[in-house]
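Following the hints, complete the assembly by docking chain H onto the known chain R.
Below are the chains, spelled out letter by letter.
2 protein chains.
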Amino acid sequence: MLNIAVVGLGLIGGSIAGALKKSNKYKVDGANRSRAPIEFAIENGLIDGEAKSLSDYDVVFVALPPEVTMRVLNDSAFADGAIVADICGIKGDILSCVRQKKRNYRYVGTHPMAGKEVSGVNNASPDLFRGANMVLTRDDETDEEAFEIMRELTRDMGFGRIVECDAAFHDKKIALTSQLAHIVSNAYVKSPEIENCLGFTGGSFQDMTRIAAVDECVWTELYMHNQKNLESELSLLIQNLQAYCDALRMNSPEKLALLLKEGREIKQKFDS
Amino acid sequence: MLNIAVVGLGLIGGSIAGALKKSNKYKVDGANRSRAPIEFAIENGLIDGEAKSLSDYDVVFVALPPEVTMRVLNDSAFADGAIVADICGIKGDILSCVRQKKRNYRYVGTHPMAGKEVSGVNNASPDLFRGANMVLTRDDETDEEAFEIMRELTRDMGFGRIVECDAAFHDKKIALTSQLAHIVSNAYVKSPEIENCLGFTGGSFQDMTRIAAVDECVWTELYMHNQKNLESELSLLIQNLQAYCDALRMNSPEKLALLLKEGREIKQKFDS
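Line by line, the protein sequences are chains R and H. Residue 141 in my numbering is what sits at position 141 of the first sequence, and the numbering runs on without skipping anything. Residue 29 in my numbering is what sits at position 29 of the second sequence, and the numbering runs on without skipping anything.
The set of hints was computed from the structure by calculation and includes no laboratory data.
Same chains, same names: a pair is fine if it fits in one copy or spans any two.
Each computed DSS-like pair below joins lysine-lysine, with the alpha-carbon atoms no more than 27 Å apart:
hint: 1; residue 1: Lys261; residue 2: Lys116
hint: 2; residue 1: Lys228; residue 2: Lys190
hint: 3; residue 1: Lys52; residue 2: Lys25
hint: 4; residue 1: Lys269; residue 2: Lys190
hint: 5; residue 1: Lys255; residue 2: Lys228
hint: 6; residue 1: Lys52; residue 2: Lys27
hint: 7; residue 1: Lys255; residue 2: Lys116
hint: 8; residue 1: Lys228; residue 2: Lys261
hint: 9; residue 1: Lys52; residue 2: Lys101
hint: 10; residue 1: Lys190; residue 2: Lys116
hint: 11; residue 1: Lys255; residue 2: Lys269
hint: 12; residue 1: Lys116; residue 2: Lys22
hint: 13; residue 1: Lys228; residue 2: Lys101
hint: 14; residue 1: Lys27; residue 2: Lys116
Model, not experiment: these values are computed from the prediction.
Here chain R stands alone, though its shape is the one from the complex (with noise of 0.2 Å):
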């Protein structure tokens, strides 16, 4: 039976350490700077126990935030042969920090792509991420069998669709599906009008706004560890919007329906 340490209980670490334990098949530990989450995490069965020391386990998921992740991966004792594993939304500045010398374990990356707009151990859930996509990534340097367990693993925390790529690779394209999405929704909100508005709400407005409240310090980190990349896209949805705008003050309704069939049909195109 696999030894598992998981480090950072937060939403993501205790949902990480929940759903491991869930399947039965591990024994899992956790750390944390600060006691209450463990304690917590104990009387709510995400872990069987505090874990002391890192360097006791066979896995360890790294469940912080980009800086503190790297501090971690840099300054911890692990066990010779351990897998480690971040599950920072950037992956490109994680892994130049682990491959800048040589390590006594065995990193993969991976980034669970599922989280809540709430955060914290006490919003965790085993079933956080049933059925949501799992990102690991790997290099040239990358050992199989600790890819392969990884793998196995994160079948085991439930996901539905697992995909493998290089940090490169995971960092451009979450500039589009995550980060871009988090900076948008935290944007719409700034318009005068949100005052009283309440009654003039539908689902595209609860959509839209839902994961307006990001934590700005670790998505400061995270944009900054990705910031060439989503710029690129910032820069694009601002140009693409400005058109639009432009269909609408140059009073054209013939280039505003051109743009929105554009949009649909990507977003048809997408879907099927």
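Leaving out everything else, chain H in the frame of chain R:
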């Protein structure tokens, strides 16, 4: 028992008819340019029968896009004192059309804030409006009795919150809460990175792109009838997005965190 006709058996019209019929308080007939939706609506219990002449009804819902709604409001024969409602997503221009001459009917504006990313009577449901928001619009000439009956009909359709306001207020709010959201979603999918991004998507991407495939004919009409308000919301969003883009380009995590914090605080205030 009020005799009700619904003109235009699409997603909204079919759902209005079905919801009213389900309440067992009204006789509900439907009219539609093409024959198939009428038959579908009868077979599926959304209407009692076909509405042959609109002048036979106490209440008429015109569930059509703006231009053809205005034609119906102008050209159809209604019973003296009939209550006639539109369901358009814009209210100012519809009201102007109605008020341009004396009518023998009593007009009330309605905007059911519910929809789906699919259209057509085959997607209609008597439960579409359950818990949703309904906006009723009124002006100085609105008949109080007609307005109260419309309010009751609306409650019977299952709406959760019913708000009333004038057409201009509605159009300002809706530019933000609905129209802008559809443009953003439609523009969002235009990044080339959408190719092969399956497996890299989570809830945020799904939410952001759910309504991208708008019907460009209907939405162009809606947008052109609310051009000033929408242009102003869209310009403001572009300006706000540009600030994040600038922060990224200037390599300023401080500025970026501040922008995200602003949005988070507005969203949290909105939710509280």
